[in-house]
Structures are given as structure tokens and as C-alpha cells.
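Participant: Just so you know, the sequences run in chain order F and V. Once you know that position 233 of the first sequence is 233 in UniProt numbering, the rest is easy, because the numbers rise by one and skip nothing. Once you know that position 319 of the second sequence is 319 in UniProt numbering, the rest is easy, because the numbers rise by one and skip nothing.
Hints were generated in silico from the structure; no laboratory data involved. Mixed in with the good hints there might be a few duds.
Heads up, the list lumps identical chains together, so a pair's fine if it works in one copy or across two of them.
Stated by the list, open to error - Calculated cross-link-like contacts (lysine-lysine; reagent style DSBU-like; alpha-carbon spacing at most 30 Å):
{"#": "1", "residue 1": "Lys441", "residue 2": "Lys384"}
{"#": "2", "residue 1": "Lys124", "residue 2": "Lys457"}
{"#": "3", "residue 1": "Lys126", "residue 2": "Lys377"}
{"#": "4", "residue 1": "Lys489", "residue 2": "Lys457"}
{"#": "5", "residue 1": "Lys496", "residue 2": "Lys549"}
In case you want the letters, here they are:
Number of protein chains: 2
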Amino acid sequence: MVSSLRLPTLTSLFSPSFARRSTVSLRRRFHLRPPLAAGFSAQSAASSPAGTDDRVQNKKSGRVQDRGDTDRVITPRSQDFNAWYLDIIANAELADYGPVRGTMVIRPYGYAIWEAIQDYLNVKFKETGHSNMYFPQFIPYSFIEKEASHVEGFSPELALVTVGGGKELEEKLVVRPTSETIVNHMFTQWIHSYRDLPLMINQWANVTRWEMRTKPFVRTLEFLWQEGHTAHATPEEAENEALQMIDVYTKFAYEQAAIPVIAGRKSKVETFAGADKTYTIEAMMGDRKALQAGTSHNLGQNFSRAFGTQFTDENGQRQHVWQTSWAISTRFVGGIIMTHGDDTGLMLPPRMAPIQVVIVPIWKKVDEKTGVLDAAKSVAEALKAAGLKVKLDDTDQRTPGWKFNFWEMKGVPLRIEIGPRDVSSGSVVISRRDVPGKQGKVFGISMEPSILEAYVKDRLDEIQSSLLQKAISFRDSNIVDVSSYEELKEAISLGKWARGPWSASDADELRVKEETGATIRCFPFEQPQWTRTCLMTGNPAEEVAIFAKSY
Amino acid sequence: MVSSLRLPTLTSLFSPSFARRSTVSLRRRFHLRPPLAAGFSAQSAASSPAGTDDRVQNKKSGRVQDRGDTDRVITPRSQDFNAWYLDIIANAELADYGPVRGTMVIRPYGYAIWEAIQDYLNVKFKETGHSNMYFPQFIPYSFIEKEASHVEGFSPELALVTVGGGKELEEKLVVRPTSETIVNHMFTQWIHSYRDLPLMINQWANVTRWEMRTKPFVRTLEFLWQEGHTAHATPEEAENEALQMIDVYTKFAYEQAAIPVIAGRKSKVETFAGADKTYTIEAMMGDRKALQAGTSHNLGQNFSRAFGTQFTDENGQRQHVWQTSWAISTRFVGGIIMTHGDDTGLMLPPRMAPIQVVIVPIWKKVDEKTGVLDAAKSVAEALKAAGLKVKLDDTDQRTPGWKFNFWEMKGVPLRIEIGPRDVSSGSVVISRRDVPGKQGKVFGISMEPSILEAYVKDRLDEIQSSLLQKAISFRDSNIVDVSSYEELKEAISLGKWARGPWSASDADELRVKEETGATIRCFPFEQPQWTRTCLMTGNPAEEVAIFAKSY
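Build out the structure end to end from the sequences listed, making use of the hints.
Facilitator: Here you go:
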């Protein structure tokens, strides 16, 4: 059944209303299909019935109507995943397109998710011995040419500054696509002896890659990321560091973003331009396409040889340093949307949510208003004091039903409803975003701060782990073990991931890509115990690989 | 008396050793004078005499000698302020030059100061109702041309991207020098009615201005900053916002950075390109030149008219919004260096210091080592647990005397020394960075955590306010009240700031600049009560202005 939910213009907590037709514009700008016929499942209407009489203000229509309610719709996810994704980004005010093709404006609600990513990782990076610093974004073109495979990988995607201060520059400048070259230029000046190692730094920065096919968050001309860079005295230390950082990313994905990524090693074909080995975390999106959500590279001595980054070891010998680099970007925000969102809109894991609890006060008569608002305010204050991220939506320009729909669409994990009867009984009603309808709604939770705080924190923890469990089930039911190319092709054609033993050539890998659209996402760290024969060649295979279509 | 202190290469907490001759290179790169003959006052040697026998390891030489001790010196501040500044930046490992002329690498110790600025301001911005977001850095060239005075102000300084993905672009792109134009392009799409106002956002970003004369932190081709942008329904609201934000900056400067800035309004000549009014905080550096340390602009309707940013007011009328923008940049780090530093090196206000307390354990005999290190570690843990930023320098590759000098040069506010006798007596020795020699040194402070913690916090508070008081005295003794142009010229020629009544023309203002090198820094908010006659024309003057040479 397909009906349509319309979300009117409003001033949200974070930012002004999204321009009308902006969804359409987003699609156009990012070269995607035009919007489909307006459609939206009835789930949202079903999931937010106000429980008592004084909660429902638009019972007859069955859905919220309001001024500005014109052409805003969310395409059902099952109908068109891409259109759904763009609708979420527009309606939840996560991002907008920039004036230059393929660029993106990250709006406050989307940026707050990126800030949650930063806050967590920044602490972890420091705990693991890294310091933040900042390198210039302009890199002499000659630097990019110094490492052979690096220039091959990046030169088609470069943005070049050729004019500065009104004059043609003698040497054109690259706007950094990544910073290995300039980092090595500086490391060469800073590193002299083994005492200067390990050198472990990170920077939060913008980078530019001239992509032809773009998609908000997932692939944009300019994006935000962190890039770690380290130099070590031995290959073992560099390998340990590369593994340590992919592990930091894996823990972050599971524990914070509730995304059950599969961590593993990239194939030779898919390895970063300039690295010996690339480790990756691969996430399964709601359409079962893979998203490379973070990478960690063992660079070996490739850049240190190209840039002459040497140190004097304990025996007085000159050696090239061993290096790593690793990165997570704003792409991860796209991963969160596409992992947890549903037809109602965004669904945020509590640990990533800019707002964890929204409080909706409900009153009908004027003489009820003060009591309800006072109670709502004191509940808000108590929860804020407990360290929770709380939004009290006390505007009287919107109906409670409208607010329910709006904050569900914005993915807020918990909603607290407070009406006159609740004030009398000293209790509140609490609804979970991840459990639609009456099932997710509990009445009569005490307003007493310590009881309410404990209840809310328990529910947030439950939602956090429930989202992860749901994503694990979805992932595992969509990975097929295959032992032949035929089985692989069938799995991919069904939209699934195929996992099978692989020891075939790079050429065979490219053939799979051409014939099925799938690539090797990784050789997962977790390997099965059974004996293996390459699915393509029948030769012995030491590892299974995972194949999937990807973003 | 001039002697020389040499600081050898070492592996610091934050980063590897600074390359030899890097100070010289810094000077060369930033087009400054070559280093003067090595010279350094004896103050540092005097200020760090180890108090007891077991603290001095190089008594005979009177200064620390170590491997790598080659050509590292800090020019005395009084001898050559610029050379001193560059020496501090190099020796304290705050920054290095990038490979492209005028660009800068911000090293971990310098970046940590920037992070302290960010941490404080980010909270204040949110408390005052602003949300963070992110705009693309590439701006279509045509945008810059839309606001007449804006294009005039910025076009000579632009970096242009003309090639992307291997192709010549149809429209060249500006690498943002500031974001008013692209912000207004987006605001125009987001703002519809008075309900969408005020719209108050901020972004932390890099910006590029093709400066010809550069200086680390103070003026670089690329720098980091925050830029706030707001839109309001009335001119009064915009004016209040512009004033509110210069007030946030002023409080930050006084309370956190211990810099007694003078807040005021810029003259017409010095107003931001595109603003109606510019408010500024002006700081007096150690050489008595002024540093514009932060600005807040009332943009009026200049950009909203250029970009058609309109809203429907409560009466249904279309109106252009009223706007502000405001910024503080990495230049502020330069301001901290040049306000508080002395011949010994950097001197950091405790609230800005990446390390507030350094602990130096001291032992001579092997059997003393364990006891001393254990005590030092437990003191470090206790202070860290109390929320202090603590570094335990327990390497045995350096002498205590060397460490004293090194951490003084890095500007750490407090040093705790622990030797065998201190372990026996359960006490420590504490030295203040801002009070040289024996005067700043106190013996016998109990190691008992609660006593030590309270003592250390009190001392840090004292240092914080002492640095501010010292800077206020310096500032006030270098501002001269003038009532004629002759007096103004004399004050400026003595290197001072001149404050006097001013109501003369823009042409007169430019004449002062040509003849004296000084500009109007601001019309300070704090105005004297006496009657005024313009120092230049003798006409009535409503305000006094402050004139000074500036960075």
C-alpha cells in the first residue's frame, strides 16, 4: 500500500526550512533519475498514533496537514533506493548541493553527525599516540609525479590552481586529493634518527577529487576527512599500526554507528595507489551494495624512497622509513543513512544522534498549557543534566502529530510525550523510533528524574544494540557462500554478496567485474576453517574473498 | 650582556626534532632578514639553576651541552623582534614552512594551541545559538563579482582553479578567501519567511588569500579560521549580533589568552570589503605593533541585495535580510606568541597551554632512579586525574638542566622537580615559567594529591592573571593621549600607540598612514569623558581613535 506523507516547511532546531523542490534539484544536480510519483508507505502514520485523546489533533485526516504542505514526499525505500536516499537528505536537512557541480553543503543536522564521528575518533587517535597537525592544501604538481602508481591513480582526478594573485603560476598547484606527498616532503626534513620515530600524526581536513559521478556524502568533489600518517623504523611496526587503525575504525563502526562492517585486506587490484597493502572496512547498505567506509594503508617504503625520507638507525646505517596512512571521511554519514534509514526517514543510532530524545508537550485547552510546558521543561533539564542530548519542541505553530512525524523523519531515537493527564499522574509516554506503532510505545514512566534518566538511558542502550543486531541479521542473510563462478554470478544477480575461495589472477578479477559488476571488496580477516579451492580456477586457495557491487 | 643558549635536536613529546638550519630557512622562506649573530641573554641560564646539588649536572659549563648542539639559537627579543619570533616558532616546533611560498605547516605543538582556541570558542558559539556546518571551498568566479566592494577588496588576492579532472573549466573557480558569497547563494534558497530567521551558523575551515608578504601564523597564503554567518529580520538584530560576537572574542582574548585587546569600530577606510561596519579587537604585540586579532562585521543588506536573499515578513512584505559575519583565525596563535614570549622562548597562558605542568624527575645514582620515577609517575597521575594537562619528561637521554631549558623555551607554565631528597620528604619543588630564577621557585610542596592539586591550580590561576596584568601594564604604558598631529607623529615615531580625537576625512587618514606608517586601529568602545577637538582639523570630534603601526 502506498500513500503519501507530506512534510511541510518549518523552522527546525538547526536551520531554516528546506527550499521547495530542493529534492528535485538535488537529484538533478547529482545526475540521478527524476523523482518518481509521490509515494510513501503508511508506516509513519501508523507508527505515531497519539495514545490518548488529547494527543490527536488531526484524527480525521489520518495524517498531518499544515501550511506549506505542498510537494514534499519521501519515496519508499523499496521502490527506488537512490530517490529515497536523496529524499532523506533533503527532508532531514542533512545536506544541499553547492553551486559547483558535485559539491555539497553540509547542513547543521548532517554536520552534527560528522561532529559525533570526529569527537569519538579524535579521542581514539590521541589515545593511540597520534597528534593533530595541519599541512597546506596546495601541493606542487611535481610532488604528485614522484611516486609512480600514486600519480597514475590520482592524476585524472586533480583540481589545479594555475593563477594566484592575478598571475599565472610558474608551477601549477594541486589542491590536495590526499596528503602523502606533502607529508613525506616534510617528514624528510623532520626525521633524522631512530630517536625521531615513530612519528604519528593526523589531520582533519578537506580534500578534492574531481569525480564525474557524484552522490551526496558518498562521493563529492570536495569532502571532509581525517588522514593519519605515520613513519616507523621497521616494517613490522608499520604493519601493526595499519592493523591497529583499521581495528579502531571497526570498533567505531560497530559500537558507535551500529554498522557491522567486514574488515579485511583489499586485493592487489583494489589497493590504494602507492600502498603495499590496503585494509578496509566494508559495510552493507540497505540496498545491499557495499560501501568502503574506511581504509588503512601499509605504504611500505614507496613514499619514503620517492621522497628520500631516511633515518639513521641504532647501528648508524641510513634506512628509509616504513609508513602508513589511514582515513575516514564524510562518506561515513552516507553509510549511517543507508544502513539504518527506513520509509519513515532517517534512523540514527543513539551514540551518533545530534538529538537523542525529543520532548513533545501536548495540550488542547489554554489552561493546560502552563502545567504541561513546565513539566516538559523540567524533564528536559533533568535529562540534559544527565548528559543526554535533548530537544524540547515547544512551538505552538505545529500540531503534536506533525511533530511526531517530523522528528521520526529526522531519526531521533526516543520521543517523550507529556500531556495534561501525564502531568496529573507525574508520568510520561515514551516512544522508540526503531519500533513502529504501539509496540514501541510505553505509558506511565515516572517523571521522577532518577527513574526517568535510568529508563531513558536503558532504552537508548537497547536501541543502540538493537540497530546493530538488525544490521547484522540483514548482512548475514545477504552473504552467500559460493564455490563456483556460476554460484557467484547468481548471488550477485540476486543483489547479494558472494563469499568464496579465490586465488585467481588480476585478469580474472577484472573479468568478474566486467561480467557481473561486482568487485572483490576484501579478503576478510575472519576466514572459515574449511578447505578451499578457488571458485574460478579450481586451484588451491588460501583465502575466501567477498565480492559485491559497491558505491 | 649577551651570551648564547643552544638548544640541541631532540625528540619531543609531540614531534620529531626540528631540522637543522630550519630557523634560517624559515626566515628565507618568509623573506625576512638573515639571522643575526647568535646571541641570547643569560636570563634562561639564570632562571633554571637546579636548586640542590643533585639537580645540576652541567654546573661547570653553566649551560647544557648535548649531542646535536650545533647552530640553534634564539635571537634576543629586544635585538630583533622578527628574528626572535621566527626562532621561537622554529625552536618550540610550532610551525614550519610549506613547499609553496607563503604556506605553513602547523606542527603538533602549534596546532594544540589552535585546538585550545577552537575548544573554547566552539562552545561559546553554540551557547549563543549558532550551529556548525560546512560550505564548499570552490566558488564560481561570477559570485565574487556580485558585490562591488567585495570584488574590489578580494580580487587581487585570489587563487583560481582553472583545470579539473584534466579539462579546462568553463568557469574558473575561486578557492574561498571568505564565504559571504557562497553563504548568501545558499541562504537565498533556505530563507523564505520571517520564521526562518534568525539563521545563525558557523564553519571551521581553511581559506586562501594570495598574500605577497607573509609571516608564519600572522599572514599566510592559506590559513585556518572560523567564520560565522548570520541573517536577521531587522537591522537592530544584526547590529546586536555583530556586537555580541566581538564581545565573545574580547572575553576570549582577556580570559583565556590573557591578551588585553582593545575592542572598537574600524574607520570607513579600514572596514571589511562588503560591510557597513566592522568591529575589531586590536592587540598590542611585544614590539608594540598592533595585531588585528578578530573582527565582526555588520554586513547590512549589501550581500542580501547582491544575491537576492529575501524573506516575507509578518505583514506579507518581501524584505532583504540583514546580515553579519565574524572570524578568528590561526593568526591568533601568532598573537599569543608575540604578547607573552620572552628571551627564554614561548610563554603560554595556562588556559591555552597544551602542557600546563611538566614534571622533571632527577636522579644521579642508579638506586635512586626507581623511587624518583615512581613518585614522579604518581604525581603525574594525580594531577591528570584532576583534569590538568601534564607531561612527565622521564627520558634518560637528557639532563635535568637541559629539560628545564627546553620546557621553559616551550612556554610550559609550571615545572615540578622531584629528586631523591624530595621523595624522602614527600614533597616537590615547583617553578613558575613567568617568574625567573629563585623568586619563581618554591620548595617543599607536599606530594599529597589533594594539597598538591590545590597548590598547582592556584599557581596556574595566578600565572593566568599575572600574564594578563603584565600585558595590561605594558599596553597602557605604551598608549599616548595626543591632541595634535605633531603629538601623534611623535608617539608613533617612539613606537607607541596614539589615542586622540578624530573627525577628519578619509584623505587625512590616508595621509597619516603615508607620513607615519600608522593607521586607525579602531574607535574604541571605551571613550574618555573629556570634550574633544579633532587632532588633525580642530573641528569638533565625537570620538577618539587609536593610531598604530600594525601587522
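Participant: Could you tell me which of the numbered hints above are not met by this structure, giving the numbers in increasing order?
Facilitator: Violated hint (a single one): 4; every other hint is consistent with the structure.
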